[in-house]
Amino acid sequence: MLAQSPFTYTPTGGDWLRILPELIVLAAVFATLLADLALPEGRKGWLAAVGVVGAIVSGCSLVYVNSLSGASAFFGMITSDGVALFAAGVILLSLGLALLFSPSYLARQKIARVGEYYVLLQLSALGMMLMAAANNLMTVFVGLEMLSLALYILCALPQTRLRSQEAGMKYFILSSFASAFLLYGMSLIYGATGATGIPDIGRFLGAHQAALSQGFGPLLFVGMSLMLVGFCFKVSAVPFQAWTPDVYTGAPTTVTAFMSVGTKVAAFVALARVFVIALQTQNAHWEPVIWAVAVLTMIVGNLLSVTQRDVKRMLAYSSVANAGYLLVAIATASPRAVASLLFYLAAYAVMNIGAFGVTLLVERRDGRGTTLEDFNGLGRRNPALAAAMAVFLFSLAGVPPTAGFLAKYFVFYAAMVGNQVPLAIIGILASVLGMFYYLRVVWAMYFVEPTPGVRPVALPEREPALAAVGAAANGAREEAPESPEIEASSLAAQAIPVESVLTSVRIRTSASSAAALVIAVALTLLMILFASPLDAYAQAAASALFH
Amino acid sequence: MPESLPALILLGLALLFGAATIGATFVLGPKRPTPEKLAPYECGIEEIEAPRQRFPVKYLVTGMLFIIFDVEAASVLPLAILMRRLQGLGFIELLVFALILAVPFIYIWRKGAFSWE
Amino acid sequence: MPLSAFLTVSGVLFAIGALGVLVRKNPLIMFMSIELMLNAVNLSFMAFAHFLDSAQGWIFVFLTLTVAAAEVVVGLAIIVSIFRSRTNIDVDELNSLKG
Numbered sequence: 001m002l003a004q005s006p007f008t009y010t011p012t013g014g015d016w017l018r019i020l021p022e023l024i025v026l027a028a029v030f031a032t033l034l035a036d037l038a039l040p041e042g043r044k045g046w047l048a049a050v051g052v053v054g055a056i057v058s059g060c061s062l063v064y065v066n067s068l069s070g071a072s073a074f075f076g077m078i079t080s081d082g083v084a085l086f087a088a089g090v091i092l093l094s095l096g097l098a099l100l101f102s103p104s105y106l107a108r109q110k111i112a113r114v115g116e117y118y119v120l121l122q123l124s125a126l127g128m129m130l131m132a133a134a135n136n137l138m139t140v141f142v143g144l145e146m147l148s149l150a151l152y153i154l155c156a157l158p159q160t161r162l163r164s165q166e167a168g169m170k171y172f173i174l175s176s177f178a179s180a181f182l183l184y185g186m187s188l189i190y191g192a193t194g195a196t197g198i199p200d201i202g203r204f205l206g207a208h209q210a211a212l213s214q215g216f217g218p219l220l221f222v223g224m225s226l227m228l229v230g231f232c233f234k235v236s237a238v239p240f241q242a243w244t245p246d247v248y249t250g251a252p253t254t255v256t257a258f259m260s261v262g263t264k265v266a267a268f269v270a271l272a273r274v275f276v277i278a279l280q281t282q283n284a285h286w287e288p289v290i291w292a293v294a295v296l297t298m299i300v301g302n303l304l305s306v307t308q309r310d311v312k313r314m315l316a317y318s319s320v321a322n323a324g325y326l327l328v329a330i331a332t333a334s335p336r337a338v339a340s341l342l343f344y345l346a347a348y349a350v351m352n353i354g355a356f357g358v359t360l361l362v363e364r365r366d367g368r369g370t371t372l373e374d375f376n377g378l379g380r381r382n383p384a385l386a387a388a389m390a391v392f393l394f395s396l397a398g399v400p401p402t403a404g405f406l407a408k409y410f411v412f413y414a415a416m417v418g419n420q421v422p423l424a425i426i427g428i429l430a431s432v433l434g435m436f437y438y439l440r441v442v443w444a445m446y447f448v449e450p451t452p453g454v455r456p457v458a459l460p461e462r463e464p465a466l467a468a469v470g471a472a473a474n475g476a477r478e479e480a481p482e483s484p485e486i487e488a489s490s491l492a493a494q495a496i497p498v499e500s501v502l503t504s505v506r507i508r509t510s511a512s513s514a515a516a517l518v519i520a521v522a523l524t525l526l527m528i529l530f531a532s533p534l535d536a537y538a539q540a541a542a543s544a545l546f547h
Numbered sequence: 001m002p003e004s005l006p007a008l009i010l011l012g013l014a015l016l017f018g019a020a021t022i023g024a025t026f027v028l029g030p031k032r033p034t035p036e037k038l039a040p041y042e043c044g045i046e047e048i049e050a051p052r053q054r055f056p057v058k059y060l061v062t063g064m065l066f067i068i069f070d071v072e073a074a075s076v077l078p079l080a081i082l083m084r085r086l087q088g089l090g091f092i093e094l095l096v097f098a099l100i101l102a103v104p105f106i107y108i109w110r111k112g113a114f115s116w117e
Numbered sequence: 001m002p003l004s005a006f007l008t009v010s011g012v013l014f015a016i017g018a019l020g021v022l023v024r025k026n027p028l029i030m031f032m033s034i035e036l037m038l039n040a041v042n043l044s045f046m047a048f049a050h051f052l053d054s055a056q057g058w059i060f061v062f063l064t065l066t067v068a069a070a071e072v073v074v075g076l077a078i079i080v081s082i083f084r085s086r087t088n089i090d091v092d093e094l095n096s097l098k099g
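So the protein sequences, as listed, match chains A, B and C.
Letter by letter, the first sequence follows residues 1 to 547 in the numbering used here.
Letter by letter, the second sequence follows residues 1 to 117 in the numbering used here.
Letter by letter, the third sequence follows residues 1 to 99 in the numbering used here.
Note that these hints are calculated values from the structure, not bench results.
Errors might be hidden in some of the hints.
Looking from chain B toward chain A, a few residues come up when the C-beta cut is under 8 Å (computed) [what the hints assert, rightly or not]: (1) Pro6; (2) Ala7; (3) Glu72; (4) Leu89; (5) Leu94; (6) Leu101; (7) Pro104; (8) Arg110.
Where a beta carbon is used, it is the ideal one built from N, C-alpha and C, also for glycine.
The shape of chain A in the complex, shown without the other chains:
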């Protein structure tokens, strides 16, 4: 149908410059690998520092790449347009925060193979950046697999914990199942259009509307449906959300925090590129489907979150609900909507990683202890931690003036303007429902007495304050502000006098975790200050995408 000219393309130096952020992350991966060989056991926390430095340098290089003219690189395989750079920034921020939370968490959970953990976390970030920058279905697929493969292993990394092993297995089988659907969809779209480049597909479909109704229409139609199934799974949209709570609960919490944000950024940017851009002319076919999926995801995600008693699991369901709000932006499919999608992803990154960050500090050594009861009275046991959690939860609930409120406002405003008023109204109602379960945690933290007896005796948790960024934070050994509260843990069954088992269950925060929390709180609260330049950048990037 489309005769291709022989492949006569040679990469130039400019191509390599456009993937500079990715190359820097790759260099950091190598540095981490070699440092893991050099560092003795017990000092592996420094690997996180290597990763953080890599993320920061890569983040700085985004500014440089942004100043380059043109975007397409490597035969149109990859692009460094505004959308890709914005997404890369969000991913790198998430990576940095997740890395900061990691050293003390890994030490507390006694997770072995720390070196592999850091390498894989960075590799999955690299895959996410690649997927968000993909300008060709091939790159979308390779990026997706790169991030998925790394995450499968990360989920299953705690080798002694059966729940994590199961999470890894479940995620692996279901996710590769979905990848196969996505790939089959890509193949059929390639068959229908003769192209795999995202702009090429759009161009072909724009020029050959008539030809499609003759022979290749069905291929395109089925291909679109299959791709939609694959993407819906990856972003955990209803009815393909069933894996999300199990995997998010079973995975190490730092991994959950990172993957809940990072995979969403990558998958939603790719979804926007493929459907909103490449399949723009087929809007009439996919828009009703995404509309329905968005409504279902918002309603089901929020309803299921309400029934959860475990905060980690509740956050997993809330990520389903958030996927619904993001799908509203996809269904609207205007430049403004894509810009709001980007803004939402940025806000979601800081508040969600923050919320998971507090949860992982509350978590016990066996990986449990994140139920609502464990949050009871946190406001008195550790006021700073509770305050941070409250900020994140208010933001997730969409209370002004937090980042979450702005993000929801932008998404629903874009939907209103873009002729999706019913969708916006359903979204607003769903997020009002969502307030209930977020604020229930706040209620538990401040207005419920710490429950005695729920928590088995825990020894005072003594974390080696692995100051991964210790060099940066002077006086880092000082623990974050906390008020140790004596908590009674009765062991009535063993008939031991209660006084003798009074154990202080303190939640200690290592310097790097505290730094991550401070950054996340600051960004959540202060995003309103730099919302307009951020939104302006997103708007410019999104409208450039449409041309």
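Following the hints, put chains B and C in place on chain A, whose structure we already have.
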């Protein structure tokens, strides 16, 4: 949507075929599950010891490493054929590829993945 | 042979693989079914590449093969890792996450 009819019929046929095959084995095949059959390592002979101990993980690691280098060789081949056309930057690309492979290679080597015991 | 013949075989293979994942309970077989699905896709890519006379399909097949190999490695590693902690790997028994 009449133009999608052939594709839908195709999809239906494909699903039907698969369902029929699996359904037929379900209906026709005798099902007498025993603990031995449900066990993942089934070979008909009475187990001498627990399968857990017999699982030869050493082969597995070697096999996995083999797959990696297998795929790597397949990736280099097209590049080698086009090397004259790609010239300098193609060579740099090959070097980058080799570097990407070399660092993890050093890593798994130092971690002892190549030693048999 | 017409394109539709290849597409039919590819569709049938894909459907068998998909049903295998849904019906079977042994992760190893589910995993093999996924590989079957990927190879069904490869077949359709090659058919399209041949009939469209376009190189991109071939490149895509190559990438899919690479990814499938990586998936084998990761998948087997996870299965072995579960294997070590328990002798039976029926997915229906993987239920410690229910709740």
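Check your understanding: Is the shortest C-beta separation between Glu72 of chain B and chain A less than 8 Å?
Key -> Given a least distance of 15 Å, the restraint on Glu72 of chain B is violated.
Open item on the list: Quick check on the hint: Ala7 of chain B CB to chain A CB, less than 8 Å?
Closed with: holds (3 Å)
Does Pro6 of chain B meet its interface restraint, that is, does its C-beta lie within less than 8 Å of any C-beta in chain A? holds (6 Å)
Can the hint on Leu89 of chain B be confirmed by a CB-to-CB distance to chain A that is less than 8 Å?
-> holds (5 Å)
* To do: Would you settle whether the hint for Pro104 of chain B is holds or violated, based on the nearest Cβ-Cβ distance to chain A being less than 8 Å?
  => Holds - the Cβ of Pro104 of chain B comes within 8 Å of chain A, reaching about 7 Å at its closest.
**OP:** Have a go at the Arg110 of chain B hint: is there a Cβ in chain A nearer than 8 Å to its own Cβ?
**Re:** holds (5 Å)
Hint check, Leu101 of chain B versus chain A [nearest Cβ-Cβ separation less than 8 Å]: Violated - the Cβ of Leu101 of chain B stays beyond 8 Å from chain A, reaching only about 11 Å at its closest.
Item to complete: May I ask you to test the interface hint for Leu94 of chain B with respect to chain A, counting a Cβ-Cβ separation under 8 Å as satisfied?
Response: violated (12 Å)
When the structure is compared with the earlier hints, violations turn up for hints 3, 5 and 6 and for no others.
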